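Peer 1: Here is how the chains run, residue by residue.
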Amino acid sequence: MKVIVKSFANIRDVLNTGELLLDVAAGTTIGGLFAFLTERYGAAFDRQIRDQMSGDIVPFLVMINETVYRTTTDLGVSLTDGDAVTVMIPFDGG
Amino acid sequence: MHRSDFRYKGYAGKLLRVNLSAGTWRDEPLTNELAEGYIGGAGMAARILYDELKPGIDPLSPENKAIFLTGPVVGTMIPTANRIGLYAKSPLTNSFFHSSAGGHFAPELKFAGYDGIIFEGKAPQPVYLFIDDGHIELRPATHLWGMDTNRVQLALFEELGSEEIHIAAIGPAGEKLVRFACVICGCRALGRGGLGAVLGSKQLKAVAVRGQGAVEVPDMQRMKLFLDEIFARFNANPATAEILPRYGTPVMVNANNSLGLFGYKNWQDEFYPDAEGLSGDTMRKKIVKRDKSCFACPARCGKFSIGGPGPYEGVRNEGPEYEDIFSLGSMCGHNDIEVVSAAERLCDDLGVDAIETGVSIAFAMECFERGLLSLKDTDGIDLKFGRADLIIPVIEKIAQRDGALGSLLAEGVKRAAEKIGNGSEHFAMHGKGLTFAGHSARGMPGFALGYATGPRGGSHHDGRPTGERTGLVPRETIEGKGEYTARINHLMILTDSMILCHLTEGIWGPLDITDLVVRCLNTATGMNVTLDEARTAAERMWNLIRAFGVREGYRREHDRLPPRFMEEPIKSGPSRGMVISRQMLDDMLDQYYEFRGWDKQTGIPTAERLKALGLEDVARDLEKYR
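Chains as they are written, first to last, in my numbering: chain A, 8 to 101; chain B, 1298 to 1923.
In isolation and in its complexed conformation, chain A is listed as follows (with noise of 0.2 angstroms):
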């Protein structure tokens, strides 16, 4: 299935647009769409998402169409064809 993966700032830098159409398994999930960034991207991507001291992907929101998600409890949320991944940048402070 077809997937647009949306991004912004360090991410779009790593994965070099800002709209990146993607195709995935079917029944991919959140984890496992980040999961397939990675292996593509490689740590370039994976410093973006996860704490490099602990192994967990930080907790960040993401958003499916106009739906938000959140990485603390969805990561096994499953994506379907067409769907448009916002990732949001894993961000403290402001």
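Calculated from the structure, these hints are not laboratory results.
Keep in mind the model is a prediction, meaning the values are calculated, not measured.
Glycine included, each C-beta is placed from N, C-alpha and C at the ideal position.
Check the hints yourself; a few may be wrong.
To be verified - Only pairs whose alpha carbons sit at most 25 angstroms apart, straight line, appear in this in silico DSS-like list of lysine-lysine:
#, chain 1, residue 1, chain 2, residue 2
1, A, Lys13, B, Lys1582
2, B, Lys1419, B, Lys1311
3, B, Lys1868, A, Lys13
Said to hold, decoys possible - Beyond 12 angstroms from chain A on every Cβ pair, some chain B residues (computed):
#, residue
4, Glu1526
5, Asn1534
6, Arg1667
7, Lys1681
Here the structure of chain A is known, so what remains is to put chain B in place on it, guided by the hints.
Peer 2: Chain B alone, transformed into the frame defined by chain A:
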């Protein structure tokens, strides 16, 4: 090198008290009770000002006092331990206020042998204070009066014969008592609450500091091990290792706007379709030339910018930060990052808080578009949203209190709305007189509660958006948000007392005081504080600040949000429909007061709770306000 006999390391061990009316000063030893009970920074200043200020005084009178204060970790190598705090009764909120800035001023003050400076009275003529490694001088500043903050610093470098001096200065806005005048240290702002006007009211133009001492720690080996750990954490975390160094705080433009949590046109909406022009990505591409760090911080979140070809070509700025982009850009309905950068630089030069300034202009734009302000009221300016070309001229009018518009807005949004009337209070976007920063209330209920109950009102550093914005806690519910907000309050006030930067709260918190924060304090000072004791100390400070507000008349009915946040749901974007109704806010207030042990009817801390926190004297004081 200054050696302190004070019981705890980390501290310089003394304060400087300056009587500006008499032109005298004296050293005051720090007491164990102040350090143990209130740590430093905001907590210590709250205790001093609670004890020394009479309730009801005019914040711009000589009766007010202004305190510059560091904290015990400042000046060590601990990352972000570089912040200077400024404390006084605020001319915007009429209550205790604290504002802090990074950079290099605070470590320099410690190196010069002082934890802080207390200013009281009013100088008969403009003066500045020079602390040169323990040598003190109050010098005439008549020749500096009227100068902008950048020129003052350059002039003092020349006058004092060195650029190895760190300076905090007010600009023309502080001199003219603009109620949201700020203080600039280097390129960093002690921005909020109008504390620059307090210095202006005292005719104190600047404080210049040079020090060659050091900050002692109790056990260097222990400190080295702690630093190894904390730097490893900074290097492992995506926010501090990757995102802040590359994009700084402007990364939040796209993050918040994508979620529909980005204030637009005076919060008429929270989604700006053309926000990309203001994004961290655009800013980095168009104007950022290099990254900058504060003292002892690896995050490099400061962005040094130079304007490109066009009307703002060559304008140099450390920034803009996210809050400036929100207030001077999106809130005013335009997306020209070069205008924002030039406007923010002008705010710093003239010495006005960029958040308050941008939001005040946005408020005036909405009043003008609704016909509540006429061309006569705006001095002939066609003050419509989207007019990026008007931002800079209006800033100049505000900072100089020039004309009808400048005089009106220099009083702040709350007072301007009271003068304009005709329903403008509905969209006067302030809490307790301080305009809201660039983080949504409607889309994050716990944070909305933080805004409503915050002693500073519209500050985004009493409550915090981080837990709900990163998904650590759900943002769709009000359940549990009373305790959630109270615990964040305690993390904020403890780190504001040590003083650590909140931008790295993912390392230190972000939802509660952690063992890491406590170990940081103990490693720097040699204290042996437990996690429970640290939480109690933070709660003590929070209750003391609340008590300060109670003496000034603040009660439950002031823990509110503006009608717009409670009656108008977000119109568009992914957070469309979200609102904090009065009922939701009341339910969260009940939760919050109950968790805190405060009276639910009045919002006043109970005598029992105050006594349990060691605030017996405060409990006695508050009896007459119940």
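Peer 1: Determine for every hint whether it applies to the structure shown.
Peer 2: For each hint, the structure was consulted:
The hinted pair formed by Lys13 (chain A) and Lys1582 (chain B) meets the criterion: a straight-line CA distance of about 19 angstroms does not exceed 25 angstroms. For a cut-off of 25 angstroms, the pair hint linking Lys1419 (chain B) to Lys1311 (chain B) stands: about 23 angstroms separates their Cα positions. For the hint linking Lys1868 (chain B) to Lys13 (chain A), the alpha-carbon distance of about 23 angstroms falls within 25 angstroms, and the restraint holds. With a least CB separation of 10 angstroms from chain A, Glu1526 (chain B) falls inside the 12 angstroms interface cut-off, contrary to its annotation.
At the 12 angstroms boundary, the C-beta of Asn1534 (chain B) falls inside the reach of chain A, the nearest C-beta of that chain being 6 angstroms off. With a closest Cβ-Cβ approach of about 30 angstroms to chain A, Arg1667 (chain B) is found to remain outside the 12 angstroms limit, as its non-interface label requires. Under the 12 angstroms C-beta cut-off, the non-interface status given to Lys1681 (chain B) relative to chain A holds; the minimum distance is some 29 angstroms.
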